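Q: Residue-level listing of the chains:
Protein chains: 2
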Amino acid sequence: MKDFTPEYIHHLQKIIEDHADDAARDELKDLHPAEIAELYHELDIDEAEYLYLLLDEETQADVLMELDEDERQQLLSKMDAEDIAKQIEHLDTDDAVDVIQELDEEEREKILSHIDDVEQAGDIIDLLKYDEDTAGGLMGTEMIVVNENWSMPECIRQMRMQAEDMDEVYYVYVVDNDDRLKGTLPLKKLITHPSVSKIKHVMEDDPVAVKADTPIDEVALDFEKYDLVAMPVVDSIGRLLGRITVDDVMDQVRDSNERDYQLASGLTHDVESDDKLFAQTKARLPWLLIGMIGGLCNSFILGKFEGGFVVDPTLALFIPLIGGTGGNVGTQSSAIVVQGLANGSLDIKKSTQQLLKELGVGLLNGGIIALLVFIYNYFTIGHGHEVTTFAVSISLFCVVMFASVFGTFVPLTLEKLKIDPALATGPFISITNDIIGMLIYMSISSWLIIALH
Amino acid sequence: MKDFTPEYIHHLQKIIEDHADDAARDELKDLHPAEIAELYHELDIDEAEYLYLLLDEETQADVLMELDEDERQQLLSKMDAEDIAKQIEHLDTDDAVDVIQELDEEEREKILSHIDDVEQAGDIIDLLKYDEDTAGGLMGTEMIVVNENWSMPECIRQMRMQAEDMDEVYYVYVVDNDDRLKGTLPLKKLITHPSVSKIKHVMEDDPVAVKADTPIDEVALDFEKYDLVAMPVVDSIGRLLGRITVDDVMDQVRDSNERDYQLASGLTHDVESDDKLFAQTKARLPWLLIGMIGGLCNSFILGKFEGGFVVDPTLALFIPLIGGTGGNVGTQSSAIVVQGLANGSLDIKKSTQQLLKELGVGLLNGGIIALLVFIYNYFTIGHGHEVTTFAVSISLFCVVMFASVFGTFVPLTLEKLKIDPALATGPFISITNDIIGMLIYMSISSWLIIALH
Numbered sequence: 001m002k003d004f005t006p007e008y009i010h011h012l013q014k015i016i017e018d019h020a021d022d023a024a025r026d027e028l029k030d031l032h033p034a035e036i037a038e039l040y041h042e043l044d045i046d047e048a049e050y051l052y053l054l055l056d057e058e059t060q061a062d063v064l065m066e067l068d069e070d071e072r073q074q075l076l077s078k079m080d081a082e083d084i085a086k087q088i089e090h091l092d093t094d095d096a097v098d099v100i101q102e103l104d105e106e107e108r109e110k111i112l113s114h115i116d117d118v119e120q121a122g123d124i125i126d127l128l129k130y131d132e133d134t135a136g137g138l139m140g141t142e143m144i145v146v147n148e149n150w151s152m153p154e155c156i157r158q159m160r161m162q163a164e165d166m167d168e169v170y171y172v173y174v175v176d177n178d179d180r181l182k183g184t185l186p187l188k189k190l191i192t193h194p195s196v197s198k199i200k201h202v203m204e205d206d207p208v209a210v211k212a213d214t215p216i217d218e219v220a221l222d223f224e225k226y227d228l229v230a231m232p233v234v235d236s237i238g239r240l241l242g243r244i245t246v247d248d249v250m251d252q253v254r255d256s257n258e259r260d261y262q263l264a265s266g267l268t269h270d271v272e273s274d275d276k277l278f279a280q281t282k283a284r285l286p287w288l289l290i291g292m293i294g295g296l297c298n299s300f301i302l303g304k305f306e307g308g309f310v311v312d313p314t315l316a317l318f319i320p321l322i323g324g325t326g327g328n329v330g331t332q333s334s335a336i337v338v339q340g341l342a343n344g345s346l347d348i349k350k351s352t353q354q355l356l357k358e359l360g361v362g363l364l365n366g367g368i369i370a371l372l373v374f375i376y377n378y379f380t381i382g383h384g385h386e387v388t389t390f391a392v393s394i395s396l397f398c399v400v401m402f403a404s405v406f407g408t409f410v411p412l413t414l415e416k417l418k419i420d421p422a423l424a425t426g427p428f429i430s431i432t433n434d435i436i437g438m439l440i441y442m443s444i445s446s447w448l449i450i451a452l453h
Numbered sequence: 001m002k003d004f005t006p007e008y009i010h011h012l013q014k015i016i017e018d019h020a021d022d023a024a025r026d027e028l029k030d031l032h033p034a035e036i037a038e039l040y041h042e043l044d045i046d047e048a049e050y051l052y053l054l055l056d057e058e059t060q061a062d063v064l065m066e067l068d069e070d071e072r073q074q075l076l077s078k079m080d081a082e083d084i085a086k087q088i089e090h091l092d093t094d095d096a097v098d099v100i101q102e103l104d105e106e107e108r109e110k111i112l113s114h115i116d117d118v119e120q121a122g123d124i125i126d127l128l129k130y131d132e133d134t135a136g137g138l139m140g141t142e143m144i145v146v147n148e149n150w151s152m153p154e155c156i157r158q159m160r161m162q163a164e165d166m167d168e169v170y171y172v173y174v175v176d177n178d179d180r181l182k183g184t185l186p187l188k189k190l191i192t193h194p195s196v197s198k199i200k201h202v203m204e205d206d207p208v209a210v211k212a213d214t215p216i217d218e219v220a221l222d223f224e225k226y227d228l229v230a231m232p233v234v235d236s237i238g239r240l241l242g243r244i245t246v247d248d249v250m251d252q253v254r255d256s257n258e259r260d261y262q263l264a265s266g267l268t269h270d271v272e273s274d275d276k277l278f279a280q281t282k283a284r285l286p287w288l289l290i291g292m293i294g295g296l297c298n299s300f301i302l303g304k305f306e307g308g309f310v311v312d313p314t315l316a317l318f319i320p321l322i323g324g325t326g327g328n329v330g331t332q333s334s335a336i337v338v339q340g341l342a343n344g345s346l347d348i349k350k351s352t353q354q355l356l357k358e359l360g361v362g363l364l365n366g367g368i369i370a371l372l373v374f375i376y377n378y379f380t381i382g383h384g385h386e387v388t389t390f391a392v393s394i395s396l397f398c399v400v401m402f403a404s405v406f407g408t409f410v411p412l413t414l415e416k417l418k419i420d421p422a423l424a425t426g427p428f429i430s431i432t433n434d435i436i437g438m439l440i441y442m443s444i445s446s447w448l449i450i451a452l453h
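Sequence lines, in order, name chains A and B.
If you read the first sequence in full-length UniProt numbering, its first letter stands for residue 1, the second for the next number, and so on.
If you read the second sequence in full-length UniProt numbering, its first letter stands for residue 1, the second for the next number, and so on.
A hint or two may mislead.
Treat identical chains as interchangeable: a pair holds within one or across any two.
Think about it this way: if two alpha-carbon atoms lie no more than 16 Å apart in a straight line, the pair counts; the simulated EDC-like pairs of lysine to aspartate or glutamate are [said to hold, decoys possible]: (1) Lys188 x Glu168; (2) Lys198 x Glu154; (3) Lys14 x Asp255; (4) Lys14 x Glu42.
No lab work stands behind these hints, which were simulated from the structure alone.
Keep in mind the model is a prediction, meaning the values are calculated, not measured.
Required output: the full structure, derived from the provided sequences and hints.
A: Following this line, the structure appears as structure tokens:
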């Protein structure tokens, strides 16, 4: 594993500048494709392309997979369809589909027509039909498949042929004469049972498998639950279609966690700290504008109440407290729901139960905060400011109750409507609760002013 | 894969109530240990214990590993040290360490003294010495190790012996005569090169390995970068100590993402939607109280400025806008840093660069928002409220600039001090920015009142 220092990058750039092919090949030969891809972050596109062309086709293909989507696009845009097709042939079908999916229709056709291996091209075309967000969209067709009735030596002969083109083999899948998945054969059985007469006697029955239309987040939860490194994908009558590998699932888990985190933090697009200034502004401005509109709504609501501030100006002092508390409570409640749905600990069927529990939590938290603030206000501004003292604590209690229930209700409802519940977190919840909080505070204050004067 | 309906649970509870051992065994026999563990969520502890005692020792051990920590504690508290030791013997050493780590010192000693397999007990004791958050704390010692000078048939003979006790085998590690890791032998080589004279001719050189003291989040990034299913762990002179498997890394990634998400959402403890009411309150109240104190600070700051509100009461209307915008911007900035550090795209050495970029983003976003609000105010309250119109827009611009830089600076500084940067996200950032926002707003307003009157 290599750490690229600025000195090393500089040294490499010098080599590239001099077009010293042999020296450059020397630098690359001990690097893992993932490391070469990392190197590209530090180089400009022409330098990266120069190095790329020095690699053998298989490494080129591996590096291609390790690049970020926009870097890959840049590199591919410099190559013609035939060269791209050659590299696709070195990729597993699932990776090939990922690359091809990023291209437009016309380019896809051109590249597919240049792939010499007809079986591979056919598999890719089949895989392109699956929805990206399902098991089918994540699977590849490279796997070792044996028949349950074969003997171990026969299996090993067949496996030798099939394994030739594969990078790594972790499981062997066992099917019946109709291609239905019957079991898996852990590779250790090759060592421990070298001469068994029928594979079905040593295979593991009832393999964990997913249907091709299973949503990706369920697939990820199954991988975690059953501690798998690969999982077979079957059609509706149990015929083996392909396999999903754990590295793709891990990427998936990381992506979906980052999406949730970004939504909770008010970032609309997928944004990275190394993105350019304009991309960052574009990802961040939308929520800030929505927040701005929310803030202006609040100023409008407060404007309607200006008379109240004249009766007791101390009412204005607690505006941030009420709004902030509503926002904080709502964020907590919605985060608990989103996280529970993501890791499988919350079942959508138990919505009512979750709402009732939130009511309880709200009652406790709201009660404690309202009481503490009441005591504080009683001893500081209490005398002569009864309206404020009571209005603030009653409002805090109501706001906490409302925010708890609302923050739970919205993501649960989105999930039921099959919309990403994470949309309801972060700024959305805090802005809404801020506005509702102001409405509650102003209503209660007005009512108390009339009642107490 | 089974879905447990309420009807099924009810049916099972009836069997347990009748103590129908055979019927219960029948229900359990086709279930995966992870499914049995899931079943326990729906049963009470006595029911779960009844089912547990019907399982064979190996399944008991597997189920134990699949339970949540508190469920496991409950079950273990009903067993004596000898029974626990028996189950530990069925676990891989890394899992055994996880279980034993949850117990107190006295219990640990007792259980370890009951483990008959001295080699395993020794390995566990060695593993307990590593810090939980390092590669050493995550590794187990079950692996197949061969010498680089052995022939393939000799290897296979040795592997047959070593593989006997192992659940699954994905890699074979190759060492030299001094136990230093030299390479890995993918299992497919057993099939493709069955008779090679020395393993070192077909092994893969330069294996990706980690040192035992590597922090866990770096290990996770390496797993993702190199698409691995297992990784060897070595000591400082390259001797092979153990291996880390991808399932443990995935759990780790999920845990650390959940922690970041919870911190960003104002949840202090690890909290799940299915936790009890009191546990939830405990996890949520601390941040709410800090928010409350922040709100009271704000009321204090605003109180000092009451005279300003008398000069122009419309100043009060924009309190939520200023506070909210500061909070939103700060949350975005800190989230981008925390995420960048977590996925490796942001290097702490590039702090200055990141701060400069944030200044740029702040300039753009702040300028746009300040301008839009200025136009809005000019056409609504502008006439006669020049102080408010100017104070709000100037403050908004300053608050956005401040929050961008502050939200970037704080997590970067925490990371440098080796404190979890995620602590600086969520409520912490929004409360701080809220207070600073009020200070800025009130200062600028005061200054404008003096300047314009």
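Q: Please go over all the hints and tell whether each is borne out by the structure.
A: Tested hints:
1. Lys188 x Glu168: both (14 Å within a copy, 7 Å between copies)
2. Lys198 x Glu154: This pair counts as within: shortest intra-copy Cα distance 9 Å, inter-copy 26 Å.
3. Lys14 x Asp255: Answer is neither; intra-copy 36 Å and inter-copy 43 Å both fail.
4. Lys14 x Glu42: within (14 Å within a copy, 65 Å between copies)
Hint compliance for this structure: hint 3 alone is broken.
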